[in-house]
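Peer 1: Starting from the two chains in their separate frames, assemble the complex, guided by the hints.
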Amino acid sequence: MHSDIEEMSESLVRIFENVLLTEEKSLSRGYFSDLSLAEMHTLTAIGPYEAKTMSQTAQSLGITTGTLTVSIDRLVKKGYVIRRRDDRDKRIVRISLTKNGKLACRMHSKFHRVLAKRILEPYGEEDRDKLLVLVKQIDVHVAELLARYEGAEAEEKIRSTAKEIADNNNLKDKKEN
Amino acid sequence: MEDPSGPRERKADDVLKKKDMITDDIVRGLSQALNTSPTDISLDLSLRRDLILDSLQLYEMVINLEEAYEIRLPDELLDEIDTVEDVVNLVYQLTTAG
Chain A
1 MHSDIEEMSE SLVRIFENVL LTEEKSLSRG YFSDLSLAEM HTLTAIGPYE
51 AKTMSQTAQS LGITTGTLTV SIDRLVKKGY VIRRRDDRDK RIVRISLTKN
101 GKLACRMHSK FHRVLAKRIL EPYGEEDRDK LLVLVKQIDV HVAELLARYE
151 GAEAEEKIRS TAKEIADNNN LKDKKEN
Chain B
178 MEDPSGPRER KADDVLKKKD MITDDIVRGL SQALNTSPTD ISLDLSLRRD
228 LILDSLQLYE MVINLEEAYE IRLPDELLDE IDTVEDVVNL VYQLTTAG
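Going line by line, the protein sequences match chains A and B.
Oh and the first sequence: position 83 is 83 in my numbering, straight run, nothing missing.
To convert, count from 1 in the second sequence and add 177; that's my numbering.
Just so you know, the hints here were simulated from the structure itself, not pulled from any lab data.
We put the beta carbon where it would ideally sit given N, CA and C, even for glycine.
Take these hints with a grain of salt, some might be off.
As the list claims (entries may be wrong) - Straight line, CA to CA, 30 Å or less: simulated DSS-like cross-link-like pairs of lysine-lysine:
hint	chain 1	residue 1	chain 2	residue 2
1	A	Lys-110	B	Lys-196
2	B	Lys-196	A	Lys-130
3	A	Lys-99	B	Lys-194
4	A	Lys-90	A	Lys-25
5	A	Lys-99	B	Lys-196
What the hints assert, rightly or not - Computed Cβ-Cβ distance ranges for the label pairs, DEER-style:
hint	chain 1	residue 1	chain 2	residue 2	range
6	A	Gly-62	B	Asp-227	28 to 36 Å
7	B	Asp-256	A	Thr-98	49 to 57 Å
8	B	Ile-248	A	Ser-3	34 to 42 Å
9	A	Ile-119	B	Ser-219	17 to 25 Å
10	B	Arg-226	A	Glu-150	29 to 37 Å
11	B	Ile-248	A	Lys-25	32 to 40 Å
12	A	Lys-136	B	Lys-194	42 to 50 Å
13	B	Arg-225	A	Pro-122	36 to 44 Å
For reference, chain B alone in the conformation it holds in the complex (with noise of 0.2 Å):
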């Protein structure tokens, strides 16, 4: 069948898609490195603040990031990082550049 949405749509839509794959990843992965349900991790929370997420948990998300996506997150980038949804955006961007 025919999609009936313009591009502008199915553009949005394949933002929301890739932006949902790349929260689903980081929230597997935040709960099993805290031991924790999936659900209790909102994109609001702050990684360091309210996780509670030390030095070795946070660069071993930060591998795992860049061997799934093929991309390279330094620490200059990570500095700027502060909640959940931080980390999506800064992996979304990445993905999506150049």
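So here's chain A without its partners, still in its complex pose (with noise of 0.2 Å):
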């Protein structure tokens, strides 16, 4: 017989791969099926309204600016994005969708209401009341775990970069030595 903790983790991973599976497979038969998810994911991290800056949106995706460059580059030739410098500080690089890049944040945004519907539909109110309680207690607990790794990856490196600035030191005695 499975334990409790045995069934929880069995259901949480398949939760989050049938739901990336099935947002592919949408994405794939559908009107954008030139974006990958995470070209998506991008474009819902811009957001439909405001201009955002590089550093925003990498941020809330968790990637390097580096990164979301690259794929900035490949949006924005494939016609969802628009990138341009600040009117005021033309350091600073801001994005936005087009029109077809709205519409795309918009469709692939109804996809995760449409599957949340369905999700509370057989429940009454007292039941969906519950059920989002103890989703939103996962969240935070998820949250709170990623942000430890963030955490100790940032420490991480701190440490290795005062590792280096040892070792660089430690090269110019010898060398002046």
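Peer 2: Now the structure itself:
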């Protein structure tokens, strides 16, 4: 017999994988089949309204601005994103969605909404409320777990930078001596 | 020549003019999207049931309205609309709010 932990673990992994697979399949069969799922998520991170900076968007996607630049180059070529320099500060690059980009973004948001609607549909108001409380708790827990890893990564980076500086100093000292 | 109507009549007139303008824009947009005559689109028709507007056509109309009137029409609001008149009223409310 499966323990609660095993059942929870298997369900979580399955939900995660199946949501991703469903998203990918719906995308490949829909109007925007020239977009990858990662590109669609980039459009969603930019959003259909005001322009965002590259660093804002990279941060919300959890990627570096270098990685984002490659993706934005492709999305500009495909006609989904507009990239322009800020009028006041030419160092800042702002990105926003074209009409087609907005359309793709909104269609994808609809996919998420339909998924949520279908999950909630069979339940009455009371059960929905309970389910939402539990799902939010899981969401917070996973976000905390991620933050802990990100914190550890940042600490590691600081440590390795400090080590590099120390090594460089040692090297300099040796050379001078 | 001086306008003989009082401020209340003028305000009602402005509301009608603005609603007419929004109605024209929406009807024109729908007739283009559905490749049909604007005279075939009346205010009481349901977007989804009568005009059989699919999600893509609906969002195209929504994005055009958002850009033309500098408003936001999130999905939560779109869930509430059924007829062409609902869209006209919603756009009117959002353009006059604040």
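Peer 1: Any of the earlier hints contradicted here, and which numbers?
Peer 2: The structure breaks hints 2, 4, 6, 7, 8, 9, 10 and 13; every other hint is satisfied.
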